[in-house]
Amino acid sequence: MIRLYVSTVLEAGADNVWARIRDFNGLPQWHPGIADSRIENGEPSDRVGCIRHFHTRDGGTIRERLLALSDFDFTQTYEILESPMGVEHYVATLKLTPVTDGNRCFAEWSAEFDCDEGREQELTRTIADGVFQTGFDALKRLYR
Amino acid sequence: MLQKVVRSTVIDAPIERVWAVLRDFNSHDQWHDVVAESRIEGGERSDQVGCVRSFSLKDGNRIREQLLTLDDRQYKSTYCIVEATVPLLRYAATVTLKPVTDGNRTFWHWESTFATPPGRERELRDMVAQSVYEAGFANLRRHLQRGGDLRAPGQAAMPVAIALPTRRVVLNGYGGAERLQVEDAEVPAPGPGEVRIRQRAIGLNFIDVYLRRGQMPTLLAPGGTPGMEAAGSVLDCGEGVHGFLSDERVAYLGPAPGAYTGIRNVPVAWLVRLPPAVDDAVAAALLLKGLTADALLHDVAPLKPGARWLVHAAAGALGQILCPWAARLGAQVIGTVSSEAKARTARAHGCAEVIVAPDYRFAEAVQALGGADVVVDGLGRQAQQENLAALAPCGHWISLGQASGPPAPLEPDALLAKSATFSRPLVFAYAAQPQALARRAARLWAALADGSIQPPTIERFTLENAAQAHARLESRERSGALILIP
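For the record, the sequence lines run as chains A and B.
Position 137 of the first sequence, counted from 1, bears residue number 136 in numbering that gives the first Met the number 0, the numbering being contiguous throughout.
Position 469 of the second sequence, counted from 1, bears residue number 468 in numbering that gives the first Met the number 0, the numbering being contiguous throughout.
Derived by calculation from the structure, the hints in this document are not laboratory data.
There's no promise every hint is true.
Here are some of the chain B residues that sit facing chain A, going by a computed Cβ distance under 10 Å [stated by the list, open to error]:
(1) Lys3
(2) Arg6
(3) Glu133
(4) Phe136
Cβ-Cβ distance ranges computed for the label pairs, FRET-style [what the hints assert, rightly or not]:
(5) Pro216/B with Arg118/A: 54 to 60 Å
(6) Thr456/B with Gln120/A: 25 to 31 Å
(7) Ala19/B with Glu111/A: 23 to 29 Å
Nothing here was measured: the structure is a model prediction, and the numbers come from that model.
Ideal placement from N, C-alpha and C gives every residue a C-beta, glycine not left out.
With the rest of the complex left out, here is chain A:
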């Protein structure tokens, strides 16, 4: 099992950032790597169990299921059902925690997954840098 973890500090309150990122169908509105997204079967995007179906800017199709959503501790957990990356048992969590000194929050994005031997480093880099850190960098630009 590969585990990876990326975290940052965003210069905005947790509730403010959460309002933007809690929408499971909202990735294209803030993540530069995502071209479009829809929720399958017309379900609401905050229904636990719903499936988002989206395309990355390089043309990949990814389907992910929402496993947990908490407006109490600003947490979203999801799994990958289908992707071109070659990962299995992939579960990721995006979480915000308020930083009480100043109007900012601590953001964490973690994932665990299995993959073919020898691909660990490449996938870790693709996901940690290309997906998570790229998303955080976009949020940092929004809130600086």
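Place chain B on chain A using the hints.
Only chain B this time, still in chain A's reference frame:
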């Protein structure tokens, strides 16, 4: 009703360093201002789960607390009050640290629940939140900044605000390498916004030679100290400096010379942190040249795949970084060198074509390859006509250096026939904003890590031998980077 207090902050230090202090259940009297004395009862170790610490506070109160959880994997410690002269009832608190991976900082979360006598809820909540938690954040920050965690208990704090002796190189008049002399000096305590650095490696650049010769008199007058970059560690910080701790490894480049010294004060805006994989010598050898390459490739002439880049002195310190990096990004790199030996070096560093041109005659050969879309020119005067002739239509001629003498005045109309662009950049302008500097440095270390560029070949000289190092820098036999070791 149970009261709850939550406070959190971000500390500009790696998590291991913050945790090393906080996991010690008996450390508070070394860093927290409210605690006068701390001891562990019964002679137990301070990391023994179940141990009890006995605090005497500066206001005369006494508190006994028991360690309930110590988790080195999740950086977490939980403890409760077993007896206290302040009315905090059923008080249990948890300290949790998490790494901020983007910046190597630490998120620190401190929370507790407790009961109070009726009517005193707010007073005691404020006391815990402000006098204990928020004050603790500020006190630990100060403790780390002073390097208090790096000393053995009882050992005196590093003397602050005193001048420190060092050796430095001074220019006793414009001219040859022999004009560089070494003398004793004192470095005062860092001023507001400054950081005092103990330097461990100093990078040499061709601009140092131009300064010594008097070709840039506004930048360095006789009596001054040359040198634009170095790597080392933080000694202490002046007023208003946040984010750097004593002993932290750093490197800098700056637009004002003065780097040929053992200890130096520099503005905090010049500093970058060094990742563990980059040692001091590599940082000093790479930073200015690497950031120059980064600025050329990403901003001065943003690289287009397939573009032909003509790089002079391709086996030199800058060439060894720029050529492989440009090639990795998709350029066709044509290098010029002065000897066959250097041609082999250049080919091993990303040059698809190498022209041996000790007499600066290369334009015809470059035109036979289709002309240069970008010329990176460190040659200056004697190659001026050849550079213009080597350009492809709409080419960009970047004048970076003047190894063969300062460039002669250029008529704007000389560019007209090829609709060419001429620029004369200095790297410092491209590293003037701390964010831009950090972004460029991160790209440079990443390029080193992923093999886009190779670690430079480094020649070391002592600071006392700065004159010999300059003579070596000016000799055309050399390739690779030179550094001084104070």
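Comparing the hints with the structure gives:
1. At its closest, the beta carbon of lysine 3/B sits 12 Å from a beta carbon of chain A; the interface hint therefore is violated under the 10 Å criterion.
2. The beta carbon of arginine 6/B comes within 5 Å of a beta carbon in chain A, closer than 10 Å, and the hint placing it at the interface holds.
3. Hint status for glutamate 133/B relative to chain A: holds, with the closest Cβ pair at about 7 Å, below 10 Å.
4. Residue-level restraint check for phenylalanine 136/B holds (minimum Cβ-Cβ distance to chain A is 7 Å; threshold 10 Å).
5. At about 58 Å, the CB distance of proline 216/B to arginine 118/A agrees with the hint of 54 to 60 Å.
6. In this structure the hint that threonine 456/B and glutamine 120/A lie 25 to 31 Å apart at CB holds, the actual value being about 28 Å.
7. The hint said 23 to 29 Å for the Cβ distance between alanine 19/B and glutamate 111/A, and at roughly 28 Å that hint holds.
The structure shown violates just one earlier hint, number 1.
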